[in-house]
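Protein chains: 2
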Amino acid sequence: MYFRYTGVRVRNLQRSLRFYTKVMGMKAHLEGKMWHGGVWVELKSPNSSQRLELNYYPPGTKYYEKFKTGSEMDHLAFWVKDVDKRYAQLLKKGAKKGIAPFAQGKYRFAFVKDPDGIWIELIGRGKRPS
Amino acid sequence: MYFRYTGVRVRNLQRSLRFYTKVMGMKAHLEGKMWHGGVWVELKSPNSSQRLELNYYPPGTKYYEKFKTGSEMDHLAFWVKDVDKRYAQLLKKGAKKGIAPFAQGKYRFAFVKDPDGIWIELIGRGKRPS
Numbered sequence: 001m002y003f004r005y006t007g008v009r010v011r012n013l014q015r016s017l018r019f020y021t022k023v024m025g026m027k028a029h030l031e032g033k034m035w036h037g038g039v040w041v042e043l044k045s046p047n048s049s050q051r052l053e054l055n056y057y058p059p060g061t062k063y064y065e066k067f068k069t070g071s072e073m074d075h076l077a078f079w080v081k082d083v084d085k086r087y088a089q090l091l092k093k094g095a096k097k098g099i100a101p102f103a104q105g106k107y108r109f110a111f112v113k114d115p116d117g118i119w120i121e122l123i124g125r126g127k128r129p130s
Numbered sequence: 001m002y003f004r005y006t007g008v009r010v011r012n013l014q015r016s017l018r019f020y021t022k023v024m025g026m027k028a029h030l031e032g033k034m035w036h037g038g039v040w041v042e043l044k045s046p047n048s049s050q051r052l053e054l055n056y057y058p059p060g061t062k063y064y065e066k067f068k069t070g071s072e073m074d075h076l077a078f079w080v081k082d083v084d085k086r087y088a089q090l091l092k093k094g095a096k097k098g099i100a101p102f103a104q105g106k107y108r109f110a111f112v113k114d115p116d117g118i119w120i121e122l123i124g125r126g127k128r129p130s
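Sequences listed follow chains A and B, in order.
The opening position of the first sequence corresponds to residue 1 in our numbering, with each subsequent residue numbered one higher.
The opening position of the second sequence corresponds to residue 1 in our numbering, with each subsequent residue numbered one higher.
Simulated from the structure, these hints should not be mistaken for lab results.
Check each hint, because a few of them may be wrong.
[Unchecked claim] Interface residues of chain B toward chain A, partial, derived using beta-carbon atoms under 10 Å:
1. Tyr2
2. Tyr20
3. His29
4. Leu43
5. Glu53
6. His75
7. Ala77
8. Phe78
9. Val80
10. Asp84
11. Leu90
12. Leu91
13. Gly105
No residue lacks a Cβ here, since even glycine has one placed at the ideal position from N, Cα and C.
Build the full structure now, drawing on both the sequences and the hints.
Shown next, in the form of structure tokens:
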């Protein structure tokens, strides 16, 4: 038994697909339909084996629900080379503002949000003191 | 930039750690503290590179919130050899009931829930018709 992927629920599949591919640089490599009408698309970043699934449940299907913001999904983390540059670029490309870049220990962090409000952590090495 | 891990928020770190290690068979391999008092533990299954982080925010710390059940975290998927056997075993070990095993296409599925109510999908190959 092994952990294989994380599936997040999205409110608008095309919007989320666009976000995770065009803004976050992932690639969709598998997709399918569930027996009840739900749709899933699996994504990976080039050079990483981590899998993210987008799950969409059309209104009227068995597992549709009115979207509620909750606590369970804390964040999706992306490793980046330059946190500050990437943070600015992602905002320009349409990611929602989260937390501006800051340092902690040897690392630098920032947060943006996806179209459904999921927090996305950017983590990278800290800047060397000059 | 690449997707590195999923972080879920837990209400009781020891309870969730016990669940993901003793029941779901994962191993904790990294842990740390956030500047604001939050605690994280990173887990992997033996034989898989997928990372799951448990995030705990103690009451009184900056990112603590009253836990709300929401829609974003759809499910965590685990690949298993025998869905029916594993489903029965996980219930015995304390996982909460989700959806009893069923077939779809070439695969077999079942769902249980973690201590915070996160849906856990069990997916495995379908049984050959006898």
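Handout entry: In rising order, the numbers of the hints this structure does not comply with
Key = 3, 10, 12
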